[in-house]
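Asker: Each chain, written out:
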Amino acid sequence: MNAWYGIKTIAKRELGAYFSSPLAYIFIVIFLLLSSFFTFMVGAFFQRGEASLTRSFFDWHPWFYLFLVPAVGMRLWAEERRVGTIELLLTMPVTAWQAIVGKFLASWLFLGLALALTFPLVITVNYLGQPDNGVILCGYLGSWLMAGAYLAISCLTSALTRSQVVSFILSVVACLFFILCGFAPVVNLLSSWANPSVVDTVAAFSFITHFDGFQKGVVDSRDVIFFLSVILFALFSNSVVLRTHRAG
Amino acid sequence: MIIVSNLRKNFGAKRAVDDVSFSVERGEVLGFLGPNGAGKSTTMRMVTGFIPPTAGRITIGGFDVVDQPLQARRLVGYLPENAPAYTDMTVQGFLAFTAEIRGLRGPAKLAAVNRAIEMCFLENVRHQSVETLSKGYRHRTCFAQSVIHDPAVLVLDEPTDGLDPNQKHEVRSLIRRMGQQKAIIFSTHILEEVDAVCSRAIIINRGRIIANGTPAELRQRSEIAGAVTVRVAGEKAAALAQKLNALSPVKRTEVVAETASGATVRAYPKREPVNGEFAREINAALAGSKIEELHSEEGRLDEVFRQLTLPNGPKEILS
Numbered sequence: 241m242n243a244w245y246g247i248k249t250i251a252k253r254e255l256g257a258y259f260s261s262p263l264a265y266i267f268i269v270i271f272l273l274l275s276s277f278f279t280f281m282v283g284a285f286f287q288r289g290e291a292s293l294t295r296s297f298f299d300w301h302p303w304f305y306l307f308l309v310p311a312v313g314m315r316l317w318a319e320e321r322r323v324g325t326i327e328l329l330l331t332m333p334v335t336a337w338q339a340i341v342g343k344f345l346a347s348w349l350f351l352g353l354a355l356a357l358t359f360p361l362v363i364t365v366n367y368l369g370q371p372d373n374g375v376i377l378c379g380y381l382g383s384w385l386m387a388g389a390y391l392a393i394s395c396l397t398s399a400l401t402r403s404q405v406v407s408f409i410l411s412v413v414a415c416l417f418f419i420l421c422g423f424a425p426v427v428n429l430l431s432s433w434a435n436p437s438v439v440d441t442v443a444a445f446s447f448i449t450h451f452d453g454f455q456k457g458v459v460d461s462r463d464v465i466f467f468l469s470v471i472l473f474a475l476f477s478n479s480v481v482l483r484t485h486r487a488g
Numbered sequence: 209m210i211i212v213s214n215l216r217k218n219f220g221a222k223r224a225v226d227d228v229s230f231s232v233e234r235g236e237v238l239g240f241l242g243p244n245g246a247g248k249s250t251t252m253r254m255v256t257g258f259i260p261p262t263a264g265r266i267t268i269g270g271f272d273v274v275d276q277p278l279q280a281r282r283l284v285g286y287l288p289e290n291a292p293a294y295t296d297m298t299v300q301g302f303l304a305f306t307a308e309i310r311g312l313r314g315p316a317k318l319a320a321v322n323r324a325i326e327m328c329f330l331e332n333v334r335h336q337s338v339e340t341l342s343k344g345y346r347h348r349t350c351f352a353q354s355v356i357h358d359p360a361v362l363v364l365d366e367p368t369d370g371l372d373p374n375q376k377h378e379v380r381s382l383i384r385r386m387g388q389q390k391a392i393i394f395s396t397h398i399l400e401e402v403d404a405v406c407s408r409a410i411i412i413n414r415g416r417i418i419a420n421g422t423p424a425e426l427r428q429r430s431e432i433a434g435a436v437t438v439r440v441a442g443e444k445a446a447a448l449a450q451k452l453n454a455l456s457p458v459k460r461t462e463v464v465a466e467t468a469s470g471a472t473v474r475a476y477p478k479r480e481p482v483n484g485e486f487a488r489e490i491n492a493a494l495a496g497s498k499i500e501e502l503h504s505e506e507g508r509l510d511e512v513f514r515q516l517t518l519p520n521g522p523k524e525i526l527s
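In order, the protein sequence lines correspond to chains D and W.
Numbers 241 to 488, taken from this note's numbering, label the letters of the first sequence in order.
Numbers 209 to 527, taken from this note's numbering, label the letters of the second sequence in order.
Think of the hints as simulated: they come from the structure by calculation, not from any bench.
A portion of the hints provided could be inaccurate.
[Said to hold, decoys possible] Computed list of lysine to any residue pairs in SDA-like fashion (alpha-carbon distance at most 25 Å, straight line): (1) D:Lys252 / W:Leu341; (2) D:Lys248 / W:Arg282; (3) D:Lys252 / W:Leu318; (4) D:Lys252 / W:Lys376; (5) D:Lys252 / W:Ser337; (6) W:Lys343 / D:Lys456; (7) D:Lys252 / W:Ser497; (8) W:Lys317 / D:Pro333; (9) D:Lys456 / D:Arg288; (10) W:Lys478 / W:Val464; (11) W:Lys343 / W:Arg313; (12) D:Lys252 / W:Lys478; (13) W:Lys376 / W:Glu339; (14) W:Lys478 / W:Ser497.
[As the list claims (entries may be wrong)] Looking from chain D toward chain W, a few residues come up when the C-beta cut is under 10 Å (computed): (15) Tyr258; (16) Glu319; (17) Thr325; (18) Leu330; (19) Thr331; (20) Leu429.
[What the hints assert, rightly or not] Example chain D residues on the side facing chain W (calculated, C-beta under 7 Å, incomplete): (21) Thr249; (22) Ala257; (23) Arg288; (24) Arg321; (25) Val323; (26) Gly324; (27) Glu327; (28) Met332; (29) Ala336; (30) Ala487.
Given the structure is predicted, the values throughout are model-derived calculations rather than measurements.
Even for Gly, the Cβ is constructed at its ideal location relative to N, Cα and C.
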């Protein structure tokens with residue numbers, strides 16, 4: 241029995257858990273409503289007069305994810321700890337890593353599905369004009385990678401507590417930090433009293449900064465590595481938290 | 209199958225399990241007795257590999273639980289305390305998941321699920337969500353999960369907790385039946401269960417093993433074991449007690465009951481009686497009296513349990 245088999249089995253169960261509760265459907269509906277509303281009404285899709293999803297659609301993603309991804313990730317470990325099934329899961333013949341990766345992958349795929357369901361926007365923009373579909377695809381890829389980073393942080397905060405609410409709040413606060421450190425008003429505020437190298441260092445940790453390239457159609461390896469390393473680091477911390485919790 | 213040696217677990221400054229050693233072979237059912245918080249669950253969690261021991265070694269089927277966790281865990285079925293199960297799944301879905309994660313696929317998985325459902329009487333709730341199950345059914349669902357891969361070793365933490373008397377009986381006979389081929393550890397604080405199910409019992413208190421033996425051996429350690437209780441019609445208790453006290457093998461007597469029609473007195477022997485000789489001597493001494501009842505006491509587990517686990521209980525039987 242190889243490692244992938246354990247990961248797949250756990251991921252399958254987690255995906256099933258999403259769809260056997262209302263959570264998945266509510267999440268998808270809200271995500272689609274929000275993204276359409278912001279694209280057309282707030283993002284002024286029509287007034288812009290350009291066949292692109294860059295500013296009108298993708299700009300909002302870091303903010304949607306701030307609240308929606310912790311809602312997806314909060315139950316992953318907190319619920320296991322509350323109900324006690326963690327004791328079953330971690331005494332099965334799978335390693336803690338397989339469980340962590342399986343849970344993460346299931347939720348990440350779910351987020352990918354929700355993201356893919358925004359495809360009518362792509363059709364719309366293609367119907368109205370001649371957009372660069374490569375740029376759009378790149379935006380989707382970046383958005384999904386960014387969602388993975390949010391999700392990994394939510395996994396970590398979920399393992400810290402047995403309360404989903406606490407997990408949600410911790411996760412939102414942590415993710416908010418990763419957004420704000422590159423958010424234009426905050427960066428401006430910082431640069432008024434800190435020296436530029438400090439400002440750049442702080443801004444380099446921001447999801448917004450790293451997502452910006454993807455939106456413009458640039459797949460910069462540094463951005464990919466940034467998101468992947470946030471994911472890896474958060475999942476590694478997740479395993480440390482689990483181990484500490486078990487060691488009592 | 210299970211060898212535990214010098215196991216220790218500290219939670220911060222508190223020592224939850226202290227120098228615990230035992231072993232269980234196939235065909236044995238080991239009962240784990242002890243008051244709440246004695247370290248039963250902690251020991252079981254270490255045996256199943258959920259929490260790492262502070263010191264000591266556990267091997268299951270020759271595999272070290274800490275160094276070769278996956279090989280060891282494959283041999284074990286585990287029913288944790290409070291019988292947790294994924295509430296968002298159906299009974300069948302939950303069992304299929306546990307079968308799959310144990311490496312069973314396709315027809316083998318289906319067969320295992322069906323066998324477990326049949327064994328634990330879950331047919332009625334097969335397609336019901338775990339969330340809506342009553343406590344007894346939920347318990348049995350988790351129990352079914354622990355036997356789904358027909359493991360060589362079963363670790364059951366309070367398997368009859370929260371069940372009604374019929375279900376308790378059912379689970380006990382299940383454990384007894386499976387105990388013929390498997391090595392089973394189960395914890396309980398119900399003492400009849402030890403008699404009904406175990407081939408051996410360990411009493412654990414404040415993290416230490418304080419008694420280890422067959423239920424009969426443990427009962428022998430009770431003060432009352434070997435005493436003879438006799439009921440004689442038409443006699444005063446004081447007179448009867450005096451008569452018995454006069455006998456040489458009698459250490460002391462105790463009046464159990466006195467009614468208008470007669471008296472019941474218990475006599476304790478000076479040394480451990482062999483083959484009922486003490487009872488025969490008493491019977492002979494009372495020749496001529498109207499003996500209505502005369503029997504040797506077997507000893508009671510609850511008394512032994514209390515003697516051993518109460519903080520100020522008698523210490524002489526610890527020897």
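Asker: Take the hints in turn and mark each one as holding or not.
Answerer: Against the structure, the hints:
1. Under the criterion of a C-alpha separation no larger than 25 Å, the hint pairing Lys252 of chain D with Leu341 of chain W is consistent with the structure, at around 23 Å.
2. A C-alpha spacing of about 18 Å is found between Lys248 of chain D and Arg282 of chain W, which places the hinted pair at or below 25 Å, so the restraint holds.
3. About 17 Å separates the Cα atoms of Lys252 of chain D and Leu318 of chain W, which keeps this hinted pair within 25 Å; it holds.
4. At roughly 35 Å between alpha-carbon atoms, Lys252 of chain D and Lys376 of chain W are farther apart than 25 Å, so this suggested pair is violated.
5. Annotation: proposed proximity of Lys252 of chain D to Ser337 of chain W holds, straight-line Cα distance about 18 Å (limit 25 Å).
6. Simply put, Lys343 of chain W and Lys456 of chain D have alpha-carbon atoms about 56 Å apart, too far for the 25 Å limit, and the pair is violated.
7. Taking the CA atoms of Lys252 of chain D and Ser497 of chain W, the gap is about 78 Å. The hint is violated against a cut of 25 Å.
8. Between Lys317 of chain W and Pro333 of chain D, the direct Cα distance comes to roughly 16 Å. Compliance with the 25 Å bound is thereby established for this hinted pair.
9. For the given pair, Lys456 of chain D sits about 16 Å from Arg288 of chain D by alpha-carbon distance, which is consistent with the 25 Å threshold.
10. At most 25 Å may separate the alpha-carbon atoms for a hinted pair to count; Lys478 of chain W and Val464 of chain W meet this at roughly 19 Å.
11. Proximity of Lys343 of chain W to Arg313 of chain W is assessed by CA-CA distance (about 29 Å); at most 25 Å being required, the pair is judged violated.
12. Of the pairs offered as hints, the one joining Lys252 of chain D and Lys478 of chain W is violated, with about 69 Å between alpha carbons and a cut-off of 25 Å exceeded.
13. Only pairs whose Cα atoms come within 25 Å are accepted, and Lys376 of chain W paired with Glu339 of chain W is accepted, the gap being roughly 22 Å.
14. Taking the CA atoms of Lys478 of chain W and Ser497 of chain W, the gap is about 24 Å. The hint holds against a cut of 25 Å.
15. Annotation: Tyr258 of chain D was flagged as interfacial toward chain W, and the flag holds, the nearest CB pair being 9 Å apart, inside 10 Å.
16. At about 9 Å, the closest approach between the beta carbon of Glu319 of chain D and any beta carbon in chain W falls short of 10 Å, and the interface hint on this residue holds.
17. The restraint placing Thr325 of chain D at the interface with chain W holds, with a minimum CB-CB distance near 5 Å, inside the 10 Å limit.
18. Annotation: interface hint on Leu330 of chain D holds; nearest CB of chain W at approximately 6 Å, less than 10 Å.
19. Interface hint status for Thr331 of chain D: upheld, as the beta-carbon distance to the closest one in chain W is roughly 4 Å, under 10 Å.
20. Contact between Leu429 of chain D and chain W, as hinted, is not supported at the beta carbon level, the nearest pair being about 44 Å apart and thus beyond 10 Å.
21. The closest approach between the C-beta of Thr249 of chain D and any C-beta of chain W is roughly 5 Å, which is under the 7 Å cut-off, so the hint is satisfied.
22. At a threshold of 7 Å, the smallest CB-CB gap from Ala257 of chain D to chain W is about 5 Å, leaving the interface hint in force.
23. This hint is violated: Arg288 of chain D has a C-beta 43 Å from the nearest C-beta of chain W, more than the 7 Å allowed.
24. With a least beta-carbon distance of about 10 Å to chain W, the hint placing Arg321 of chain D at the interface is violated under the 7 Å criterion.
25. For Val323 of chain D, the interface hint holds, since its Cβ comes within 7 Å of a Cβ in chain W; the closest pair sits about 5 Å apart.
26. With a cut of 7 Å, the hint placing Gly324 of chain D at the interface with chain W holds, because the nearest CB-to-CB distance is about 3 Å.
27. The beta carbon of Glu327 of chain D comes within 4 Å of a beta carbon in chain W, closer than 7 Å, and the hint placing it at the interface holds.
28. The beta carbon of Met332 of chain D comes within 5 Å of a beta carbon in chain W, closer than 7 Å, and the hint placing it at the interface holds.
29. Taking 7 Å as the C-beta contact cut-off toward chain W, the hint placing Ala336 of chain D at the interface is violated, the least distance being around 10 Å.
30. Hint status for Ala487 of chain D relative to chain W: holds, with the closest Cβ pair at about 6 Å, below 7 Å.
Hints 4, 6, 7, 11, 12, 20, 23, 24 and 29, counting from the list given before, are not met by this structure.
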